[in-house]
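First to last, the sequence lines map onto chains A and B.
What the first sequence shows, in my numbering, is residues 6 to 184, in sequence order.
What the second sequence shows, in my numbering, is residues 7 to 252, in sequence order.
The hints are simulated quantities; they were obtained by calculation from the structure and are not laboratory data.
Careful: at least some of the hints might be erroneous.
[Claimed, not checked] Calculated cross-link-like contacts (lysine to any residue; reagent style SDA-like; alpha-carbon spacing at most 20 Å): (1) B/Lys162 to A/Thr29; (2) A/Lys119 to A/Val37; (3) B/Lys64 to A/Ile28; (4) B/Lys85 to A/Lys119.
Residues per chain are reported as follows:
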Amino acid sequence: MQPFAIFWHKQTIILEQALNRLITNGEVGISVLNGKTIGFSLQDLPLDVHFVCANERIFVLSATNKPTDVDIKLKSMVFISLLHGEDLTELLRQDKISIHGDVKTAQLLVDLLKEVDIDLEEIASKYTGDIIANQLGKLTKKFNPTNMESNNPLEIIKDGLTALLINPIKFEQYKHKNS
Amino acid sequence: MENTTHFGFKQVATNDKQSLVRDVFNSVAGKYDLMNDVLSFGAHRLWKRYTIASSNVKDGDKVLDIAGGTGDLAIEFRKKVGDSGQVILSDINAAMLNEGRKNLINKGVFGVEFIQLNAEYLPFDNSTFDCVSIAFGLRNVTDKDQALKEVYRILKPGGCLLILEFSTTDSALLKKLYDFYSFNIIQKLGGIIADDEASYQYLAESIRKHPDQETLKGMVLDASFDFCEYHNLSGGIVALHKGIKV
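Here chain A stands alone, though its shape is the one from the complex (with noise of 0.2 Å):
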C-alpha cells in the first residue's frame, strides 16, 4: 500500500468516527439516510469513498461492489466552498459539481458533512503518535481557505504529508517554505 493510499485511509476512519460520534451524541439524525450508499469523488485528488448509512451507523468505504443511490463527483476546491456554506444548487447550476442520482439524498449528505467539525490532531495522535498526529494537525491549519494564497490547499496537504511519511528531510524543507 502507498504511503498515500494509508493517509487516506485513516482519513476515511477519522472521518468515519466523526460522523458516528455526531450521530450517537444526537447532533445529527440520519435516518432519512437509512440504506443509502454515496458515492463521493474528488477529481482532483485519489479520493473516492462512499457512505453506507445503515441503522443509524454510518461506514466510509473506499469501494463498493453494489450500485449506489446517488454519486457526487466535484474538485477539491468547490468541496471546501461548498463546507463553508455554498449553496449546492448554485453549484449545480454552474457546473461545478456533478450528481447522478436523487440530489435531495446529496444535499443530506452535505449537510451532514458541514456539521463534521473534526480534531485531525486530537483523533490521529490515538493511533499515529502524538509526534505525528501534531504534524498532521498543523498541515490540516492550512486547510482553511482565508489562509490560503494561490495554492490549492488539498494540494498542500497532499505534498507535505508525503514528504512528511517518504522524505522526512523533505518535509522539513516543506515546513519552512510554508511557515
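We have chain A already, so just place chain B on it with the hints.
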C-alpha cells in the same frame, strides 16, 4: 477427496481438524502472548490497534470477539462499549480462554464475559451484536463459510465483522524474506521459546493455506454481507477485512 480438509500442508479428515487445532493451542496457550510479541516483533499490537480503530464500536454496543485468545481485542472493546455495553470473549479452546481470563484479571479488566464456543455454531439469537471480531482465528476454523454465515446471522443491521488475519503479500522481495522467516526461523523460535516446533510449523503452513485477500472478500460477500473491503497491513502479510450488514 471428499470429507478431508487441510491442516497446515497436510490433508486430514474434516472431523479430525478441530481436535488437531485444539492440540496446537493447548500446547501454545501458556506462551501465546510472548510468542506473538517475539514472532511479529510486536507488530501484532499495532495490527490489533488498527482493527479497534476501524471497528466503529461505541458506548453501549454489543461485541463478540471470536477466537479471542488472550483477550487483546476484548480489553480494548471493553473500554469502548463502557458499562452499558457488552463484550464477550470467546474461544473454542478452553486453555486459551483460561489464559484470556487470567490476562484480563491481571490487567484489572472486569465486565467481559467468557464463552467457549465453535464459530461454526454460534449460540446467539439473530441480530444480537453490533460488531463481531476474529483476529488470527479464521484460518483455524474448519468450515469458514459456515462460520461467516453464522456471524452474519447474529449481527444486527448496521453491524460489522472484522477479520484480522495473515494474508498474501504482493511484494516478491517481501515474500522471499517472509517465506524464509516462516519456514526457517519461526519453527526454531517455537522450539527454543515454547518447546514446540511442530505447532509453529503448523502456524506457518496454515498461513499459506489461508485464502488470499480477494478470495476472503468473496467469501464474506457470499455469506450475505452487503459490503466488504480489506486493507493490507505490513505489505499484505496481514489484512483486515471489514464486512458490513445493512
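Please name the hints from earlier in the document that this structure breaks, with their numbers sorted from lowest to highest. Of the numbered hints, just 4 does not hold.
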